[in-house]
Structures are given as structure tokens and as C-alpha cells.
Amino acid sequence: MLLLNLTLAEPQHFSLVEKLILIALVAASAAGFWLRFSTVLDKILHSKKDAGFRLFPIGKRIWDFFWEVACQAKVIRQRPLPGLAHALVFWGFCAFVLVTLNHFATGLGIGFLDPAGWFGRFYFDLAAVFALACAAGILGLFVRRFLVRPKWLGEKLSYQSGVIAFLIFVLMVTYLASFFVADADPVARILWWVHTLALLSFLPIIPHTKHLHLVLSPATVFLSRGGFSRIPPLMGDEDFGLVAGTDLTQLVSLQAYSCVECGRCTEHCPASNTGKLLNPKEIILGLRSYLNDLGPTATEPLLGKYNSQEAAFQCTTCGACEFQCPVGIEHLPILVGLRRGAVNTGAWENDYGAKLFLTLERGSNSLGLPASDRDKFIERAGLPIFNGTQEYCLWLGCMGGYDPKGREIVANLARVMNYLGASYGVLRKEKCTGDPVRRLGNDLLFQQLAEENLKTLAENKVKRIITICPHCVRTIQEDWKEYGTPPPVEHHSEFLARFADNLPSRVVGNSSEGGGGGNPRVKPAEAEVALAPEATSSIAANAPALNLASIASGHDFSRADKATNTSGPLGPADRVPQVRGPHGQVFVRGVEVPLLGPGREKIVFHDPCYLGRYRDVYDEPRRVVALAGELVEAPRNHERSFCCGAGGGLAFLGEETGERVSYVRAAELVATGAKTVATACPFCNSMFRDALAESGDAAPQLLDIAQLIARGLPKNGTS
Amino acid sequence: MKIIVAIKQVPERDAQVRIDAAGKWIEEAGLQWALNESDAYALEEALQLKEKHGGEVVVISAGPERVGSTIREALAKGADRAIQVDCADLGSHDALGVAKLLAAAIKPENPDLVLTGLQSDDLGLGQTGVILAELLGLPHASLILHVEKTEAGLTVKRELEEGWFQTIELPTPAVLTIQSGGNKLRYATLMGIKKAKTKEVRIIAASELAVENTPVVALERVALPTKQKSTQMLPGTPKEAAAALVEKLKFEARVL
Numbered sequence: 166m167l168l169l170n171l172t173l174a175e176p177q178h179f180s181l182v183e184k185l186i187l188i189a190l191v192a193a194s195a196a197g198f199w200l201r202f203s204t205v206l207d208k209i210l211h212s213k214k215d216a217g218f219r220l221f222p223i224g225k226r227i228w229d230f231f232w233e234v235a236c237q238a239k240v241i242r243q244r245p246l247p248g249l250a251h252a253l254v255f256w257g258f259c260a261f262v263l264v265t266l267n268h269f270a271t272g273l274g275i276g277f278l279d280p281a282g283w284f285g286r287f288y289f290d291l292a293a294v295f296a297l298a299c300a301a302g303i304l305g306l307f308v309r310r311f312l313v314r315p316k317w318l319g320e321k322l323s324y325q326s327g328v329i330a331f332l333i334f335v336l337m338v339t340y341l342a343s344f345f346v347a348d349a350d351p352v353a354r355i356l357w358w359v360h361t362l363a364l365l366s367f368l369p370i371i372p373h374t375k376h377l378h379l380v381l382s383p384a385t386v387f388l389s390r391g392g393f394s395r396i397p398p399l400m401g402d403e404d405f406g407l408v409a410g411t412d413l414t415q416l417v418s419l420q421a422y423s424c425v426e427c428g429r430c431t432e433h434c435p436a437s438n439t440g441k442l443l444n445p446k447e448i449i450l451g452l453r454s455y456l457n458d459l460g461p462t463a464t465e466p467l468l469g470k471y472n473s474q475e476a477a478f479q480c481t482t483c484g485a486c487e488f489q490c491p492v493g494i495e496h497l498p499i500l501v502g503l504r505r506g507a508v509n510t511g512a513w514e515n516d517y518g519a520k521l522f523l524t525l526e527r528g529s530n531s532l533g534l535p536a537s538d539r540d541k542f543i544e545r546a547g548l549p550i551f552n553g554t555q556e557y558c559l560w561l562g563c564m565g566g567y568d569p570k571g572r573e574i575v576a577n578l579a580r581v582m583n584y585l586g587a588s589y590g591v592l593r594k595e596k597c598t599g600d601p602v603r604r605l606g607n608d609l610l611f612q613q614l615a616e617e618n619l620k621t622l623a624e625n626k627v628k629r630i631i632t633i634c635p636h637c638v639r640t641i642q643e644d645w646k647e648y649g650t651p652p653p654v655e656h657h658s659e660f661l662a663r664f665a666d667n668l669p670s671r672v673v674g675n676s677s678e679g680g681g682g683g684n685p686r687v688k689p690a691e692a693e694v695a696l697a698p699e700a701t702s703s704i705a706a707n708a709p710a711l712n713l714a715s716i717a718s719g720h721d722f723s724r725a726d727k728a729t730n731t732s733g734p735l736g737p738a739d740r741v742p743q744v745r746g747p748h749g750q751v752f753v754r755g756v757e758v759p760l761l762g763p764g765r766e767k768i769v770f771h772d773p774c775y776l777g778r779y780r781d782v783y784d785e786p787r788r789v790v791a792l793a794g795e796l797v798e799a800p801r802n803h804e805r806s807f808c809c810g811a812g813g814g815l816a817f818l819g820e821e822t823g824e825r826v827s828y829v830r831a832a833e834l835v836a837t838g839a840k841t842v843a844t845a846c847p848f849c850n851s852m853f854r855d856a857l858a859e860s861g862d863a864a865p866q867l868l869d870i871a872q873l874i875a876r877g878l879p880k881n882g883t884s
Numbered sequence: 093m094k095i096i097v098a099i100k101q102v103p104e105r106d107a108q109v110r111i112d113a114a115g116k117w118i119e120e121a122g123l124q125w126a127l128n129e130s131d132a133y134a135l136e137e138a139l140q141l142k143e144k145h146g147g148e149v150v151v152i153s154a155g156p157e158r159v160g161s162t163i164r165e166a167l168a169k170g171a172d173r174a175i176q177v178d179c180a181d182l183g184s185h186d187a188l189g190v191a192k193l194l195a196a197a198i199k200p201e202n203p204d205l206v207l208t209g210l211q212s213d214d215l216g217l218g219q220t221g222v223i224l225a226e227l228l229g230l231p232h233a234s235l236i237l238h239v240e241k242t243e244a245g246l247t248v249k250r251e252l253e254e255g256w257f258q259t260i261e262l263p264t265p266a267v268l269t270i271q272s273g274g275n276k277l278r279y280a281t282l283m284g285i286k287k288a289k290t291k292e293v294r295i296i297a298a299s300e301l302a303v304e305n306t307p308v309v310a311l312e313r314v315a316l317p318t319k320q321k322s323t324q325m326l327p328g329t330p331k332e333a334a335a336a337l338v339e340k341l342k343f344e345a346r347v348l
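Respectively, the protein sequence lines represent chains A and B. The first sequence maps to residues 166 to 884 in my numbering. The second sequence maps to residues 93 to 348 in my numbering.
Bear in mind the hints are in silico, worked out from the structure with no lab data behind them. Glycine included, C-beta positions come from ideal geometry on N, C-alpha and C. Don't take every hint at face value.
Taking CB as the label site, the calculated pair distances span [stated by the list, open to error]: (1) A/R309 with B/K289: 41 to 47 angstroms; (2) A/Y517 with B/K289: 53 to 59 angstroms; (3) B/A121 with A/W317: 55 to 61 angstroms; (4) B/P317 with A/E544: 14 to 20 angstroms; (5) B/D112 with A/G819: 52 to 58 angstroms.
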């Protein structure tokens, strides 16, 4: 509060010599900045135009700009302490715009803010608060970079960062010190000049260091591709992805120059964390070096001297890098772009990769099994065939149709859908959605698969798809758009969460459960019916009416008519009555739903990348898990979830070098002490199946969320 | 070296094949088609020979208009040009008839080497390549896994039964039928497909070739294979069961 009574001291008069020196210095500094900056700008502007880039809808851009740039929300949220320190520096800079303009104006005798006037006093005092915060922030960042030295910042110390930090500190200190001297004091003049020199030295350092993000990243954030991991369409007959400099688009170049080298991408990268060659930060910096050395018109391959092909194909496309990036770099279009360049031209030679491609060129599924295996499974599991009248098309996917564990998940989901009376059917013929080949960059194959599948869906008049595989969900919903209009798709976690109130819960509300075996089991007829208005059970408290007939039939094909009208969740008439016993048992139509023993089963949920970061679905699977037991979280969860290692086609690429991603994640899940690991993706499930087998008998059981629900269904009930 | 690869379009591996109403052929509507597997290996062998020794790879295929897609796939993988023998009723030709068409189209090309898959995935006769060699009057070898060019001609690795191989030397020109699995196949690329658009596909009508189609093999009936499955449970301790299993594999199934 002391500051509020103080006034900023400014030298009152500048001699002509001083003014000339000032003008010369400003000109030199600006020229130094512009010379270097214009080269960068030139490279960005001379890069290829981004095909399909749309500025509109602009609302999301404005919001992202406000939230991520102005509020620094992502920076703070994902790395709270350094993030806050950075935000203080950033906000300090913002507050200083007006101060700085007035500072130079004063030097030229045309100062427009009077430190003694009410607004000047208010603003300078306010800026002083920001300056204090900024000085503290930069000091903190200095300590972090040069003393704490987190490994994400790289082995090499950036001395430029030290110089910049020093200059910022000097700027703030000289400003603050000016409150403690009088205008006429020669010290005020010295402070003024030191401030000026610090500022003018700062400016030319910006363009050739990572501090360029100061200038570029607000634009980078604003000019995003408009969606997570949005892979741009290829344009014309000469576009095969990112092959050479001529393929770098303006957005890619802008992003390459925006990198602030904070290493958040590397910190969260499953490849970098398990001893692989890939380091997402180095991929971006590799592109920047390419642009610096060769420019955007060079025809030298991008993969080679500046970036390695091996690294590009180690990416699981989990998207942790893109999610974390505070300056708006979109790593996935770049990584997938580099892969497209290598695969579309045949430059990538990999036995496993070629095998996957050939399998999908000739067959229908990525596992390379005959389609008749799928038919047999459908028959054995008694899955109804989709005939155009059902509400849902249950998309099996490669894992659901051919993998033994995936089939179990599908069969369990089908049981739950039967129980809910949902109307669904499976297609007679399905091809891989093309997810693995899309992420590996094989556009030819992806287009074939997408087009054939879109045709099948149209022929079968599919209105709505449900699937157990988040990779299928993403690929159908987003990636197929390039070749047609896919019907809406949802993941089974979303479906199950929507009907959570109708699903049996294994969570025992009161603790009388398990107290000796004295009490005979109460027959359902005598039990309290949870449908009563005063029902204590939240499960079925909202179920006003019964529709036993439709439940008993397993699946109600007649609903297809209704579905076209309501198109939303199942109506109230579909709710299933549940009856509560005095010991917390749940009865459904006279059959006791199995419950756990005393206490609640601890279940840890693993967020699949393609459900979480790609689709923003975090709460739905957790709601489902919470029905089955006590949800516990792994240290890395939600947006920060750590990949299982299967994405990006890597499930098909054979042995990994270094540590296995799946083992690292499985160990983390086991360490939570949970009895059960819940997954919501058949690929995660498959990866953890192997990883958990390593832990032997002590390993927690591994179940999909559909299995968690299905095991609570009455044993001899529907299906 | 000028290499001609004779390829065939067959129903895709996962195709749900149905017999047509006449019981003489399969229902072609709605089927998806692919390159015959061993022909893909023949093409790969040809492309590798070309990459090593230079020359030209020409693919040839007989069949209706739809075989164009398979020809384009071969061009996309690296063949230089193609000849399509347009023949709407390929099903009415026996192996001799098809070989006659191919021979008539291949002869004017004067190739150094003719490769083809050892048999087709649909009919599996394994004769077309061999008859083709006879019609062209060229030496041939079947079941070839690897081809090496020598000063004198060719050295080829031929698969025999029970894991034995035979190495044969042949003069060129020659006809070889290629066994699957000798090479690693390359995958089709977008760039390859785009380049294929500009490559030459010469279409010759079957009638132009003035070949007589007088089948020597009459097709009686086409039928799906009957499903048969027999499961035997081998009782006893794991040791006894394993011994019984080995016995059966040796003497009943004769696979050991």
C-alpha cells in the first residue's frame, strides 16, 4: 500500500543529444528485430497454403485465445507453479504495453501519461503491482531453469534464457525503483536509461530464440486447425503428406517457429518416457532447423538429416503432446503428416507395417483373420443382424469381431443392451475402419476402407452406431468425413452412462452387508420395492413405469419406430424395476443380482487416449465404473492419462525398443492397489492383458466397463 | 530384361462366395476382387529383378472390364505398363483356353522372362502357367521361390515336398510359375496409384487374338466345399495324451 502513495519518477527534460541517441537506439533495435523476424515471417508466409483451413466459426478461436493466451489457463493448469510464474510475467508484459509506450514518448518529450494525474498514478501503481509479480515470476523461472533444472528443458542450458530473464528482471526493477526517487534526481535519469537499454536489447533477441513465442504463439493458438489431431486432407496429385520442405504448410511453419521448448510434450510422451528415440519437441525443432537451413521451398526430405523416420513411427498418437502444448502446436497432424509422406511414397519399409497394409489390402480386418470367423462369432453369441429397423448398429470393429477378449466385451455389452431392451443389430459385413492405417499415414488404404464402409452403412440404412472401440469411434466420426457423411457414433461408455439409472449397481449403500449369516435372505416378494416414491435407491428411483414385456423379449425390435421419433435415450417406459433387499441386495425380476462382499471393490479406470483426449469423454466411463465399485484414480488420469502403447498402429508394429509403454502404465495402475483395472478400449485391454500377465497371480483382474456391468446382471435373466 | 507377369483377378479372400442359379459358376454381383496371391509374388519377383538388373515389367491379365482395377494395382506397385485381354466370358475358358489367349498376347512382346503365380486362389488348377510355356515353346519351371539372373540365363530355387528345395539352371527366355512366400510383398502407395494413372494399359479384345476356344475340360457343377470337422478327445495324463497326439499326427494326419 506504500506504493499507492508514491509517484513514478520520470526525467522531466531530455536534451536534443539524448533524444537523438534514443531515436538511433530505437531504430537500431527495431531494425535488429525486423531483420531477423522478417526472415522468419518470410519462411512462414512462403510455405504452402493450408488446404481446407477455415477461419470460421470464429467463436471457438476467440474463446481459446481468451482462455489459453489471455488467462494462461492451460499453462497454469498443467504445470501449476511454473505456469503461474509464467502467467505473472505474461500479465506483467501486458500491463507494461502502455507503460512502455509512454516511456519512449516521454523520452521524446511527448509523454501522454502524467504520473501525478489521477489516471497516470492509478495506472503506474497498478503496473507496479504487476511488475512486482513479474519480477517474482521471472526469478522463479530463473531458479527453475538454472538451479532446479527439470530434465524436460533439455540437457543443454539455454544461456539466452538467462540473458532474457536478466533483462526482464532489470526492466521490472528499474521501473519499481523509479517510485523511490524524485523526478529531478539524477538517479531517475539513470534508471530511465537502464530501463530503455534493457528493453532495446531485449527486442532483437526475440526472433532467433525461443522467445519468438512471445510474438507468434498468440497467433498460433488463434489459428489452430480447429479440432484435436485434425489431419488435413491431401490436395491434388502431388500431395503425399509431409515429404519435403515444399509440403510444409503455413500452419506447420508457424507452429515450428512458435515452439518455446518447454518440453511439456516430451514430459508426457509415452515414447520419450520409455526410452524410444522419439522426442516430440525435437520433431518440431527439427522442422524449425530445416526451415532455418533450407527454407520452405527445399525439396530435401524432411525425414533424414533433421528428423528421423524411426522416431516418427514410434508415436502412439496418444496426443498427450498436442494436448499439453501451451503455444498451440498441433503435433499429431505433423507426426502423421511425416508418416504420410513416408508411406504414401513407399519410403517407409517395415516388415510389420507392410504386413498390416497387405492384410488390409486383401482382407477385411487388421488381425488378418478370415471374415468367416466373425460370422461364426456372431452366430455363437446370438447377435441380431442389423436390418435397418433397429435403433443401433453395433459396430464390432476388428477387436470386437476377431479378438477373443474383444468378443467377450461385445458379448457382455450385448447382454447389457438386451437387459435394457435396446434395439440393435450387427452388420453382416464390416471392414476395419482404417484407424491403424490412417495413423500410419497410408492414405490410399484408408480411403478404400472408409469408402467401402460408408457404402455398407448407407446400404444398410444405419442411423446410429455404437461400438466398444474408441479408435473406431474417432475414425468413423471424424476421419471418414473426408469421404462422406458417417452416421453419429457413440462409445459404449456414453451409452451405458446414459442408462446408468437403469443398470444394476453393485455398490452397497449400507454397511450391514456381510454381518454373519444369521439372517435368511429375503425373498424379493417381501422386499422393499425401490420404485416407491420414498425409495432410497438412487438406481431406480426415477423409474415410474414398467415394461416387462419388452424386457423379457431381450431386445425390442418394435422400438425402432419409436426411436425415429425420440432419437434420444430410451424413454422412461424402458426402465427396469429393481428391488432392494434389507441387506442391500438388489433383485431384478426376482433374481438376485450378485453383489460383492463387505466393502466396495476398488476399481481403477484407465482413460483411453481416443476416448479422453480425442473425444473429451471422461465422466461417462467413470459413472459406469462407480456402479460397479469404488472408483480410484491412477496418478495420471483424465487429460493426463498415459497411453497403453497400442495407438497409432503401433499395436501392429511388433517389438518396442526400450521399456514397454504398456508395462509402465500397467505398473502404475497396479500400484493404485485396485483389485480391478477397468478399461474402455479393446486395444488398451489387449495391451494390459499381456502386461498384467507379467505380474503373475497378484495381478488385478482386467475388465472392460461393459463387463463390469454385465457381471452384475441377473445370471439367468435376459440373454 | 523384359519381364511379363501374367496376373489373375480373383474374389477377395474374405468374399462371401455364393453359387449362381445355374450351379455352373459363382454369383459375381457384389463381390470384391483382388490380385491372386501367388501372382502378387510373381509381380514382386519381377519388380525386384528389374530393380537389380533394369529392364521393363509388363503385366498381362485376361478377363472382363473389372480386371482393370487389379491391373492398376499392379501398375501402382511398380509395373511399367499393362496388357488387358478383354474377355467377358473367361469362365467359359478352361486352363488351355486362357493360356491360349495369354500366349497370343505375349508372343509379339518377345519377353526374356514370363512369370505367373503357380495357381489361382479361386480355381487352383495350377496349369495355366505351364500350358502357357508349352504354347510359347519356352522352357519352364514351377513352384519357384527365388530367381537369380546369371550370365547363361537363370538360376531358380524350386520348392519340393517335405521342406526340400531344388536349384535349377535355365536358359532365357523361360516361363516360371512362382510360389507364394518367397519374397516380402510391397504395399500399394498413393504415389504409385497416382503414377499408375499415366501408365499405358493396352486393351486387346479376345476376338482380335483369333484364338479358338474349344474347352477340353467340361465344367459339370460348382459347389461349396462341405464342412467337415471331427474332434477327438485324447484321454489320459498330459504325457499319455501328448504321446497319443504325436502318434496320430504321424500316422493318421501324416503331418510330422
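Here is what the structure says about each hint:
1. Evaluation of the 41 to 47 angstroms hint for A/R309 and B/K289 yields a failure: the beta carbon distance comes to about 56 angstroms.
2. Range check, A/Y517 to B/K289: Cβ separation about 30 angstroms, and the 53 to 59 angstroms hint is violated.
3. The beta-carbon spacing between B/A121 and A/W317, approximately 59 angstroms, falls within the hinted interval of 55 to 61 angstroms.
4. At about 19 angstroms, the beta-carbon gap between B/P317 and A/E544 stays in the expected band of 14 to 20 angstroms.
5. Distance hint check for B/D112 and A/G819: the Cβ-Cβ separation is about 43 angstroms, which falls outside the suggested range of 52 to 58 angstroms.
In terms of the numbered hints stated before, the structure departs from hints 1, 2, 5, listed from lowest to highest.
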